[in-house]
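Chain B: place on chain A using the hints.
Listed below, chain by chain, are the residues.
Protein chains: 2
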Amino acid sequence: MTVSEELGITTKKEEDPAEWYREVVIKSGLADYSSVGGCIVFKPRSYSIWEKVRKEIDRRFHDIGIENAYFPLFIPEKLLEKEAEHFEGFTPEVAWVTRAGSSDLDERLAIRPTSEAIMYDSYKDWVRSWRDLPLKINQWNNVVRWEFKHATPFLRTREFLWQEGHCAYATDDGVLEDKERVLDAYQEVCEDYLAIPCVRGRKTEKEKFSGAVDTYSLEHLLPDGKAIQGPTYHNDGTNFAKDFDITYTDEDGEEKYVRQSTFGFSTRQIGTMIMMHSDDRGLVVPPKVAPTRSVIVPIYHSKDERKAVMEVAEKVHGSLERCKMDDRENKTPGRKFNEWEVKGVPIRIEIGPSEAEEDQVTIVRRDTGEKKMVSVENVEETVEEELNNMQKSLFKRATELLEEGTQEVRDYDDLVSIVEENGGFVKAPWCGKKICEEIVKDDTSAKITNIPFMYDEPDGEKCIRCGDKAKHWVNFAKSY
Amino acid sequence: MTVSEELGITTKKEEDPAEWYREVVIKSGLADYSSVGGCIVFKPRSYSIWEKVRKEIDRRFHDIGIENAYFPLFIPEKLLEKEAEHFEGFTPEVAWVTRAGSSDLDERLAIRPTSEAIMYDSYKDWVRSWRDLPLKINQWNNVVRWEFKHATPFLRTREFLWQEGHCAYATDDGVLEDKERVLDAYQEVCEDYLAIPCVRGRKTEKEKFSGAVDTYSLEHLLPDGKAIQGPTYHNDGTNFAKDFDITYTDEDGEEKYVRQSTFGFSTRQIGTMIMMHSDDRGLVVPPKVAPTRSVIVPIYHSKDERKAVMEVAEKVHGSLERCKMDDRENKTPGRKFNEWEVKGVPIRIEIGPSEAEEDQVTIVRRDTGEKKMVSVENVEETVEEELNNMQKSLFKRATELLEEGTQEVRDYDDLVSIVEENGGFVKAPWCGKKICEEIVKDDTSAKITNIPFMYDEPDGEKCIRCGDKAKHWVNFAKSY
Numbered sequence: 001m002t003v004s005e006e007l008g009i010t011t012k013k014e015e016d017p018a019e020w021y022r023e024v025v026i027k028s029g030l031a032d033y034s035s036v037g038g039c040i041v042f043k044p045r046s047y048s049i050w051e052k053v054r055k056e057i058d059r060r061f062h063d064i065g066i067e068n069a070y071f072p073l074f075i076p077e078k079l080l081e082k083e084a085e086h087f088e089g090f091t092p093e094v095a096w097v098t099r100a101g102s103s104d105l106d107e108r109l110a111i112r113p114t115s116e117a118i119m120y121d122s123y124k125d126w127v128r129s130w131r132d133l134p135l136k137i138n139q140w141n142n143v144v145r146w147e148f149k150h151a152t153p154f155l156r157t158r159e160f161l162w163q164e165g166h167c168a169y170a171t172d173d174g175v176l177e178d179k180e181r182v183l184d185a186y187q188e189v190c191e192d193y194l195a196i197p198c199v200r201g202r203k204t205e206k207e208k209f210s211g212a213v214d215t216y217s218l219e220h221l222l223p224d225g226k227a228i229q230g231p232t233y234h235n236d237g238t239n240f241a242k243d244f245d246i247t248y249t250d251e252d253g254e255e256k257y258v259r260q261s262t263f264g265f266s267t268r269q270i271g272t273m274i275m276m277h278s279d280d281r282g283l284v285v286p287p288k289v290a291p292t293r294s295v296i297v298p299i300y301h302s303k304d305e306r307k308a309v310m311e312v313a314e315k316v317h318g319s320l321e322r323c324k325m326d327d328r329e330n331k332t333p334g335r336k337f338n339e340w341e342v343k344g345v346p347i348r349i350e351i352g353p354s355e356a357e358e359d360q361v362t363i364v365r366r367d368t369g370e371k372k373m374v375s376v377e378n379v380e381e382t383v384e385e386e387l388n389n390m391q392k393s394l395f396k397r398a399t400e401l402l403e404e405g406t407q408e409v410r411d412y413d414d415l416v417s418i419v420e421e422n423g424g425f426v427k428a429p430w431c432g433k434k435i436c437e438e439i440v441k442d443d444t445s446a447k448i449t450n451i452p453f454m455y456d457e458p459d460g461e462k463c464i465r466c467g468d469k470a471k472h473w474v475n476f477a478k479s480y
Numbered sequence: 001m002t003v004s005e006e007l008g009i010t011t012k013k014e015e016d017p018a019e020w021y022r023e024v025v026i027k028s029g030l031a032d033y034s035s036v037g038g039c040i041v042f043k044p045r046s047y048s049i050w051e052k053v054r055k056e057i058d059r060r061f062h063d064i065g066i067e068n069a070y071f072p073l074f075i076p077e078k079l080l081e082k083e084a085e086h087f088e089g090f091t092p093e094v095a096w097v098t099r100a101g102s103s104d105l106d107e108r109l110a111i112r113p114t115s116e117a118i119m120y121d122s123y124k125d126w127v128r129s130w131r132d133l134p135l136k137i138n139q140w141n142n143v144v145r146w147e148f149k150h151a152t153p154f155l156r157t158r159e160f161l162w163q164e165g166h167c168a169y170a171t172d173d174g175v176l177e178d179k180e181r182v183l184d185a186y187q188e189v190c191e192d193y194l195a196i197p198c199v200r201g202r203k204t205e206k207e208k209f210s211g212a213v214d215t216y217s218l219e220h221l222l223p224d225g226k227a228i229q230g231p232t233y234h235n236d237g238t239n240f241a242k243d244f245d246i247t248y249t250d251e252d253g254e255e256k257y258v259r260q261s262t263f264g265f266s267t268r269q270i271g272t273m274i275m276m277h278s279d280d281r282g283l284v285v286p287p288k289v290a291p292t293r294s295v296i297v298p299i300y301h302s303k304d305e306r307k308a309v310m311e312v313a314e315k316v317h318g319s320l321e322r323c324k325m326d327d328r329e330n331k332t333p334g335r336k337f338n339e340w341e342v343k344g345v346p347i348r349i350e351i352g353p354s355e356a357e358e359d360q361v362t363i364v365r366r367d368t369g370e371k372k373m374v375s376v377e378n379v380e381e382t383v384e385e386e387l388n389n390m391q392k393s394l395f396k397r398a399t400e401l402l403e404e405g406t407q408e409v410r411d412y413d414d415l416v417s418i419v420e421e422n423g424g425f426v427k428a429p430w431c432g433k434k435i436c437e438e439i440v441k442d443d444t445s446a447k448i449t450n451i452p453f454m455y456d457e458p459d460g461e462k463c464i465r466c467g468d469k470a471k472h473w474v475n476f477a478k479s480y
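Protein chains in written order, with the numbering used here: chain A, 1 to 480; chain B, 1 to 480.
Isolated chain A (complex conformation):
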């Protein structure tokens, strides 16, 4: 059994989530560590998930009028200094190019941790009049933040992939209208593709992006009771416009600063997806983004059986999309079952001699382990149906987790004990003061993930910390 143990996941998700996660990512073949500390290799199985996400986001951005472009990887130091306030947060994390060939550079160059500086330096030349607005640009690229020596694939790596949208408008209205459309796009991709439920809301002053007037986020609750931040949208107001002198002449000939937004969706969401759905047997991937949707494992013990089984297997294989035929001779069926479970293929199709004789196959679902006998002529329809069911069921389970993991409290001791014992989101009334937020963090290490839009105004409620009139119901949680 050594081989099987090597192949399978040896850590339980509940017992050691970090080690379990590492095992799932590596053994499923999604990613690999590299010889560059803190950086990983996105293997084809994860990169193809990213390509599907990219396609869905691109389609939605296209409808919003956002166009893709590409700006330089490098940012001259003097440009970064223009956005000192915003950039301060990134300073300890910047990788610097100081040499080229065998010469020192006159001015060192930052590798983009984010592209505000290099993009807005162009925007100031591109925008002249109200007719040049709105300017809606997105780029898909790699960014570098030198924070973590030990990579956690997808979740914490020094280099990661993302899209960063940067739009400029004549007025705040543009920023706020597109806010809804961009967050809708993000939420649809999270929910309908990655099967990750979202809590949409506004970040507090303390937690917002330093360059922004307001930050909006999608927050997720993981099975271990911790929250994780998803994609964000920032209303930058005129903050960057002032730093980079991006002005336009309005219809009355008056010169004004543009209003800006920035928003991003990163490969971190793949990590969230893995943590959300996977189990002790390995990876579970929502079918819509699965690189392989189904795998056929033929089972036989003789040449004659092989002939009969393979005939049915080939027929089934030809009728299915993104379906893999595992006809390797050097692995047992049981071994193959394990391997495809670890790799998270949503549907396994077993075909043995007795099944072949009756023109039937057995369909096994990765998430529930449910088995179903189906006649060959119904395989295509049933597989589609089961893939749909699985997609819905993963989202349903994650939604229940979110609902059950959210507890409304009004008492500070309850807040403290829930955060410490159960985790999850603690919904509590809050006065809006930073000091209360900070005290909760000191006491529990939980922060306000965001101020959810779905919560009503806290009519007559008192701040859970200080007892003053509450302004908002908010979610407290320990976060990744």
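Just so you know, the hints here were simulated from the structure itself, not pulled from any lab data. Where hints are given, some of them may not hold.
Unchecked claim - Each computed BS3-like pair below joins lysine-lysine, with the alpha-carbon atoms no more than 30 Å apart:
1) A:Lys136 with B:Lys331
2) B:Lys179 with A:Lys324
3) B:Lys336 with A:Lys256
4) B:Lys52 with A:Lys52
5) B:Lys124 with B:Lys136
6) B:Lys324 with A:Lys179
This one's a predicted model, so the numbers in the text were calculated from it and none came from an experiment.
Frame of chain A; chain B shown alone:
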């Protein structure tokens, strides 16, 4: 006329191709310079061309079984040293990260000029047995070569975008079979999409990639009589396998080195496309990759006329794909014509009051200037037809240029004078010796672009330089 002069291209292609190119790229809105020396911004109009190229290459690679992945941007110096011979050529061009935050790095990191080192460091762990082969991986990424201070957009920039394919096989057969398939893919995209004819062949020993056993290339001839290298495919043999210790156990249990290939297609092809087709009035883009395929310019002088014209214009706009409506009130029709010519929109649709009355429009082709009156009900069909015609016609013109620009010579003085006076490809018999190649280069600055596959063996011919028995017909040309 100052404004119009500002808008239009002021340099003639024949008189100053470099300045003309710069004007076309910037004024057409394809790209912009940036505040990082040698780096450009790919604006949406050029990035969308790249996205179309990417989609077509991806589709073809998928059929060859090549999968996309993503490897780190950084390469530790010690890994580069493993491929000393191959890497030597890149050493003067490498950008080095030496600091992160406020600390010096223990080991400096190269920004990938190409990814052999970082990828093969993983391959050595991924490949164990013949069952792991072939391993066919591609990545789309940004690479950095610190060569040119002054960027020529797309053609010579310090950072550019490309795909780099890196495959490993058990035997040379795999490398050579996929060579044809990959070069077919490249040639189809060049010819059918970018309308760039290709001369496919093998590079000489002198001109091949230093890490390769053999390099194959697609070469193009530009209207200025200079050649430019297109995408390449390298048969690396066991060169990298030995440097990086990538071995597999074959079916008989014997340990062997893998055989490898590398191949790439870069954003430089966009530059070649621009130089090939564009003219003194601005950009000309093959319709299949054009961001905007047609533009409607309504023409009117009164409110009543406007109403009638716009009604027809809206109807036409609704029926066409990637069609832009230019209903700006602050520009004259003539000014709009100029602008869209500079920007290279393949078809202009003019609708004036008399045309509107008769339910007709005027269609004008960007490449030829040909005008055609069409009834509204036939617009969709005619536009499709004209776009097809234009796509074919650009390719035909470029093919004629290649044919007329290729001259067969047997006399050394002819070679020298043609290279110096006319340019183009000089087809000449060559003995295969490096010294003759070098002497031609010294005498004329022309090199052997490649040994075209389409040329027959030079039966009984003598080397144009030394008079020894010729081994190949080759193309000499001055090159970019």
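Do the hints match the structure? See the list:
no. : hint                   : result
1   : A:Lys136 with B:Lys331 : holds, 23 Å
2   : B:Lys179 with A:Lys324 : holds, 26 Å
3   : B:Lys336 with A:Lys256 : holds, 27 Å
4   : B:Lys52 with A:Lys52   : holds, 16 Å
5   : B:Lys124 with B:Lys136 : holds, 14 Å
6   : B:Lys324 with A:Lys179 : holds, 26 Å
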